[in-house]
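*Asks:* Sequence:
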Amino acid sequence: MDRRSFFKKTGLLGLAVIASRFPVWSNSMFAWDNPIHNIPEEKNIDKKWLASLYERGEKIVYKKSKNELRYIGMPIGGLHAGTVYIGGDGRLWLWQLFNTAYDGEQEGIEPKNVLWNNGKELVRVRPRDGSAYVEPAIADNLRSMEQGFAVSVLLNGKHVVKELRENHWDEVLFEPTYPTCRITYMSADFPVDVVLTAYSPFIPLDQDNSSLPLTTLHVELRNKVETAIEVVLTGWMENGVHKGRKDFNAVKKVSQVVEKSVFKVLSYSCDQVPDSAKQAGDYGTMAFTCIDPRAEAVTRLKDWPIAPQNLQPDNNDSVVDFSDFQVGAFTVKRTLKVKENSQISFAISWHFNNPHPKLQQHIKDAKDGYWYGTKFKDAAAVIAYYLANKGKLDAETLAWQQTWNNTTLPHWFMDRTFVNIGTLATANTMRFASGRFWGWEGVGACAGTCTHVWQYGQSMGRIFPDIERNLREVTDLGVGFQAETGAIIFRAEYEKRPAIDGQAGVILRFYRDHQTSKDSTFLQRNWPKLKQAVQFILNQDKNADGMTDTPIENTLDAVWEGEIAWIVGLCLAAVQSAAYMANEVGDKKFEQTCLDYVKKGSANMDKELFNGEYYIHRPDAVLGRKKLGSYNTCHIDQVYGQAWCFQVDMPRINNKEKTRSALKALWKYNFTMDVGPYIKTHLGGRPYAVAGEGGMVMNTNPKNEEKAYGDNTTWQLGYFHECMSGFEHQVAAHMMAEGMIDESLVLTRVIHDRYHAAKRNPFNEIECSDHYARAMASYGTFINACGFIYHGPKGRIGFAPKIGAADFKAPFTTAMGWGTYSQQKQAGKCECQLTLHYGQLVLNEFHLGDSADLATDKKKVEVLQNDKSIAVAELKRTNERLVVIFKDKLTMNKGDKLKIQWL
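Sequential numbering of the sequence shown, starting at 556, is according to my numbering.
Fair warning: there could be bad hints in the mix.
Calculated lysine-lysine pairs in the DSS-like style (CA-CA distance at most 27 Å, straight line) [claimed, not checked]:
{"hint": "1", "residue 1": "K1051", "residue 2": "K1073"}
{"hint": "2", "residue 1": "K1314", "residue 2": "K621"}
{"hint": "3", "residue 1": "K857", "residue 2": "K819"}
{"hint": "4", "residue 1": "K1181", "residue 2": "K1258"}
{"hint": "5", "residue 1": "K713", "residue 2": "K888"}
{"hint": "6", "residue 1": "K1073", "residue 2": "K1097"}
{"hint": "7", "residue 1": "K598", "residue 2": "K1213"}
{"hint": "8", "residue 1": "K1235", "residue 2": "K1314"}
{"hint": "9", "residue 1": "K1454", "residue 2": "K1364"}
{"hint": "10", "residue 1": "K932", "residue 2": "K798"}
{"hint": "11", "residue 1": "K602", "residue 2": "K1314"}
{"hint": "12", "residue 1": "K1051", "residue 2": "K913"}
{"hint": "13", "residue 1": "K798", "residue 2": "K922"}
{"hint": "14", "residue 1": "K717", "residue 2": "K888"}
{"hint": "15", "residue 1": "K1235", "residue 2": "K1213"}
{"hint": "16", "residue 1": "K945", "residue 2": "K815"}
{"hint": "17", "residue 1": "K1349", "residue 2": "K1415"}
{"hint": "18", "residue 1": "K1051", "residue 2": "K1084"}
{"hint": "19", "residue 1": "K947", "residue 2": "K1073"}
{"hint": "20", "residue 1": "K1219", "residue 2": "K603"}
{"hint": "21", "residue 1": "K1235", "residue 2": "K1349"}
{"hint": "22", "residue 1": "K1384", "residue 2": "K1314"}
{"hint": "23", "residue 1": "K1413", "residue 2": "K1364"}
{"hint": "24", "residue 1": "K1143", "residue 2": "K1086"}
Since the hints were derived computationally from the structure, they do not count as laboratory data.
Could you build the full structure based on these sequences and the hints that come with them?
*Replies:* Written out as structure tokens, the structure reads:
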């Protein structure tokens, strides 16, 4: 099953109350079969609010006092290791670890259907259709395992206990800085404030150490009174192995203490498990530890509620019936001096190494389990690894968190453009024992790491480029590749056809993934097959005008006829990237073939597919408009190929003025600060934005043409009336690159506001199910806000900030390292600095955009690496940039600074 089943199988209750009570609407905008375009051209955006979007602003803080905690679910485990959420009050929930997610069986984070009034009738909405958007999952309803902390203090001769949960404190603050978060607990009548910091190791460019099935919880106790205080802290965790089973009468739960280094670890398992259950997704182990050698363990708590001051250590093995409650704990005692703080750390791990049986049937790589199963024999071994490497793992995770947030860009902007990479830390993705990466489109929905969805994402390719390169080689040019045609099957083992946009997206991602490599090995190794894939695109131009016209599946789940602007443009961008790659591997003949194709196609696209305001879909000359298509309507992806050019630093494929006109048309006709009136009159779409919320609609009919979408529209028409955040992010990124900064920020902000914690989970952008992969397009907006370019094999890096260029600072990632870039710029003078916080960076040249006022005399430029002078071979102006070419290749290591200064 795939996304289309929403439209084919959704149950409509057919109340039609509005139409029956107000029949006059059948002749107006409420003529649902032929609705009138009703998005206002004037957006009525408050100027002060718009100005605030540019400001650094305050850190994001969600508060108990504002009722903002109940929907929060931040993924807090490692990449590809299932889903564990941390809630707004610091307790863990969801625990989607048992390999249950599967297309048509269990989709999304909560398998429930809800009813939604679309303006005409009630519609049944399933998880893949946005049920978690209409009725967000509530943490308290999905907290399936017992876990938490309690703090006890002696106050006026009486022990006072507070658990770290919302209802025990006057105020609870949740501060998200993915991949970390901080929760602060405060009460006026309690002498201790508590701060909980949580994360799983997350280190850009280090996929292995970022893929641990583990979370860490660091509790800081803060004495806020003028006297010393005795504090007792207890942390507990349930044995959740096989949680929820009803058929395990003879099975025993086991909790035992094992020694790892100088620390005690509670190892959880089940004994006497039937052989038939040992291949099940919930067969495995869990573990829990307190990283304090003085911590006292209890293998099974017997009394509730927990009174930390009364707990006695018990290291004896606990073996109980499966139906019994088994929760282990650690207790630590501290004496806090006046105003003293003390931190105590904990870790929880899991190990469930049996992928869903249907995955194993379809994918041979799934038969041997997961990557983490090859590295660790059980959950206790995961904790042992963390303990042995804690210093490095913690330091590098926190260094990235600090690097990402050490910027002049707005807090809200940094949050929204990065947070979607959290989908990699959910049950949406897997890394099999062979090392192969694999993902759904959204959790449990639409299999096969779908090329036409995953190609929108930009964050994974920048933060964990090894994952993308694995996907290119093992899947796209591996199991999904047809050597006889060069076609790439868009769902690999789950399909038999290519998707034309997915094919183009693979080629473009190849170029990006080459750029994020340290050398040309990846490209050289894959060029023969990649060339075939490019030739497949060239072969889809039947009339040889440089514009793809062969009907092939696309991301809107249909086969469109004719020459479609967004398909044509995306293919042109892909072929142009192929020309650049051909040049680098020395294939001059194919390079010229590609360049000739792009030259012809770009000219024809600008001439034939631009209607004077925006780009369109030209019908097939023979078939006309019989089938579904966008035709003369205004489509969200119409200049998507040009958008990709900015992501990989390529020349334009579309005229700048026409492209900006198209983007302005999208703003004029498709964007609204309130989608309510539109979705009430344009039915069939899924609820990814609802009344009172802003968004950009996928496709609109601003000229109110009859049969605007073809003579015989099909169920896919419903997509046109939706707001899907991945597409919106793609447009926002493009607007940023084209200098439409206001529009880019507003569009990004309305998405951010749709996912405010008061309304739904800020960490879960939904399309076809939860944690949808396309939403990782958000990172592209950050890339373009920095004007960032990078080419590892050529040793090239550059910046052209779009926001606050006079005093700018932002993070960057490269093939082998990451760090901070800053610049201070004023009339004729500029100081740029790269500071490396991790790994290594090799450079031959530095590019600076928007620099018309800076000198091109290399004598007026000073380059220093750690105060050592670096010789400049050449300083030139190229394509609105200043290019500084170093005389010798330079290598930066962790802690190094490179300063480039126009004197």
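*Asks:* Kindly indicate which numbered hints from before are broken by the structure, ordering the numbers from low to high.
*Replies:* 1, 6, 15, 21 and 22
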